[in-house]
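Quick mapping for you: the protein sequence lines, in order, are chains A and B.
Numbered per the numbering used here, the first sequence finishes at 1315, counting up by one with no gaps.
Numbered per the numbering used here, the second sequence finishes at 224, counting up by one with no gaps.
Bear in mind the hints are in silico, worked out from the structure with no lab data behind them.
One thing to keep in mind: the hints can contain errors.
[To be verified] List of simulated lysine to any residue pairs, SDA-like, C-alpha gap at most 20 angstroms:
#	chain 1	residue 1	chain 2	residue 2
1	B	Lys158	A	Ala1288
2	B	Lys216	A	Ala1288
3	B	Lys216	A	Gly1242
4	B	Lys216	A	Val1289
5	B	Lys173	A	Ser1207
6	B	Lys216	A	Leu1246
7	B	Lys158	A	Ser1296
8	B	Lys158	A	Tyr1305
9	A	Lys1257	B	Lys179
10	B	Lys216	A	Asn1210
11	A	Lys1257	B	Asp118
12	A	Lys1211	B	Gly159
13	B	Lys179	B	Glu161
14	B	Lys158	A	Asn1210
15	B	Lys158	A	Pro1308
16	B	Lys158	A	Leu1243
17	A	Lys1257	B	Ser144
18	B	Lys173	A	Gly1242
19	B	Lys158	A	Ser1207
20	B	Lys158	A	Gly1271
21	B	Lys158	A	Lys1257
22	B	Lys216	A	Ser1258
23	B	Lys179	A	Phe1245
24	A	Lys1257	B	Ala208
25	A	Lys1257	B	Gln119
26	B	Lys173	A	Ser1258
27	B	Lys184	A	Pro1308
28	B	Lys158	A	Phe1245
29	B	Lys173	A	Asp1302
30	B	Lys216	A	Phe1245
31	B	Lys216	A	Pro1261
32	A	Lys1257	B	Phe214
33	B	Lys158	A	Ser1258
34	A	Lys1257	B	Ala211
35	A	Lys1257	B	Gly209
[To be verified] Looking from chain A toward chain B, a few residues come up when the C-beta cut is under 8 angstroms (computed):
#	residue
36	Asp1218
37	Leu1221
38	Asp1224
39	Asn1252
40	Pro1255
In this text, a Cβ means the ideal position worked out from N, Cα and C, and glycines have one as well.
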Amino acid sequence: GAGVSQSPSNKVTEKGKDVELRCDPISGHTALYWYRQRLGQGLEFLIYFQGNSAPDKSGLPSDRFSAERTGESVSTLTIQRTQQEDSAVYLCASSSRTGGGDTQYFGPGTRLTVL
Amino acid sequence: EDQVTQSPEALRLQEGESSSLNCSYTVSGLRGLFWYRQDPGKGPEFLFTLYSAGEEKEKERLKATLTKKESFLHITAPKPEDSATYLCAVLAGTALIFGKGTTLSVSS
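For reference, chain B alone in the conformation it holds in the complex (with noise of 0.2 angstroms):
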């Protein structure tokens, strides 16, 4: 059965303290994998799309990775404003399946 799972539930960082999300999954016929955002009360925020192994993309603070079984989402120097819950996705096919989400608390 494919399955997404990310780790952890929650994370509370302090500002400056660097970090890394996961999203482990288990699917067939991978044909991308997708990291979204969101704040509380607002619509969801496209972060970066990842279609194999080994590939790297960034942008400002954050930077995610991809191998054949997780990705990681780094955030680097967080800032209170990176604030938000972190979803994963997974494009199987025409299907695309979410992992429940990490909600990441950065505090001044």
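Only chain A is shown next, with the shape it has when bound in the complex (with noise of 0.2 angstroms):
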């Protein structure tokens, strides 16, 4: 079956623009995470869905942040009025199991680029 898609692959756009990313997990997977990981950095978290509960927010780096996702489906990433500190490659993961557990599955990453 399909693993976990992740589009664009490749985004490069000019300072104080919106972008979008989008993440269509595995079919069936509750549970979905957003990562990002700047250049030369490690690992960072940015949110967790699982299921129909709310996410926990506080990962985003600022309000500029925001994500969404429609029950167990696509998930979207959005940042507004991009800054540089912006670029990164953003991960996004899916798993089957309540409470996160299990293996996760990574798409093959957004690569931002903010000009």
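Please dock the two separately framed chains into a single complex, following the hints provided.
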């Protein structure tokens, strides 16, 4: 079956523009994670969706970041008024067990470059 | 304050020299502890989830264990291809808290 997919794979944008990143999890996976990894830096947690529960947004870097997920399907991560510091690879992962457990399957990531 | 600390920051081993990586945590409401591996320039690879003290999981040369205060990632007879950065993260409530990682280098 298909794995986790993300689009676009690459995005170059100008400072101040809004961008929307998409993640298609594996069908039936209840948990979905968004991460960010800046060049040469460690993995940074952004937000986690579990079923229909309200996500904890405290990991989002600023109020310019928002994320949505409808049920157990696609998720979008939106960055408004992008800044150069937002340049990073944005990774999505999904897993099938309540509590975020078992194997997380990562998507290939979206490389965002803000000029 | 919820905190996850990994040690050592870096570890150099000879091929076949077994060792352990540590992940200690102070969080309220532990829902799970995750181990990842990441090779330079590549995306992360998920290794294990542990849910409760006493739980153990194994995969090839790796074995992860969990107590109420820490987790260990035991590497038995490592090979050069085990060289990577190993990350630990704790799911507390609905937030995932990462440690800074341990960079493992295994030489032949």
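- Message: Holds or violated: B:Lys173 and A:Ser1258, Cα atoms, limit 20 angstroms.
- Response: violated, 30 angstroms
- Query: B:Lys158 and A:Ser1207: Cα distance at most 20 angstroms?
  - Reply: holds, 18 angstroms
- Task: Starting from A:Lys1211, check that the Cα of B:Gly159 is at most 20 angstroms away, please.
- Result: Judged against 20 angstroms, a Cα distance of about 17 angstroms means the pair holds.
- Message: Tell me if the straight-line CA distance from A:Lys1257 to B:Ala211 falls inside 20 angstroms.
- Response: OK: A:Lys1257 and B:Ala211 at ~8 angstroms, within 20 angstroms.
- Task: Go through the hint on A:Asn1252 and say holds or violated, using the shortest Cβ distance to chain B against 8 angstroms.
- Result: Cβ of A:Asn1252 sits 13 angstroms from chain B, so the hint is violated.
- Message: Checking one constraint from the list: CA of B:Lys216 to CA of A:Pro1261, max 20 angstroms. Satisfied?
- Response: holds, 18 angstroms
- Query: Is the straight-line distance between the alpha-carbon of B:Lys173 and that of A:Gly1242 20 angstroms or less?
  - Reply: violated, 24 angstroms
- Message: With the threshold set at 20 angstroms, check whether the alpha-carbon distance from B:Lys158 to A:Tyr1305 stays at or below it.
- Response: holds, 14 angstroms
- Taking 20 angstroms as the top limit, are the C-alpha atoms of A:Lys1257 and B:Ser144 close enough? holds, 18 angstroms
- Message: Given the hinted pair B:Lys179 and B:Glu161, is their Cα-Cα distance within 20 angstroms?
- Response: The hint holds at about 15 angstroms.
- Has the given pair, B:Lys158 with A:Ala1288, been kept, meaning a C-alpha gap of at most 20 angstroms? Holds: B:Lys158 and A:Ala1288 sit about 13 angstroms apart, inside 20 angstroms.
- Task: Would you mind confirming whether the straight-line C-alpha gap from B:Lys158 to A:Asn1210 stays at or under 20 angstroms?
- Result: The hint holds at about 15 angstroms.
Checked against the numbered hints above, the structure violates hints 5, 7, 9, 10, 18, 20, 21, 23, 26, 27, 33, 36, 37, 38 and 39; every other hint is satisfied.
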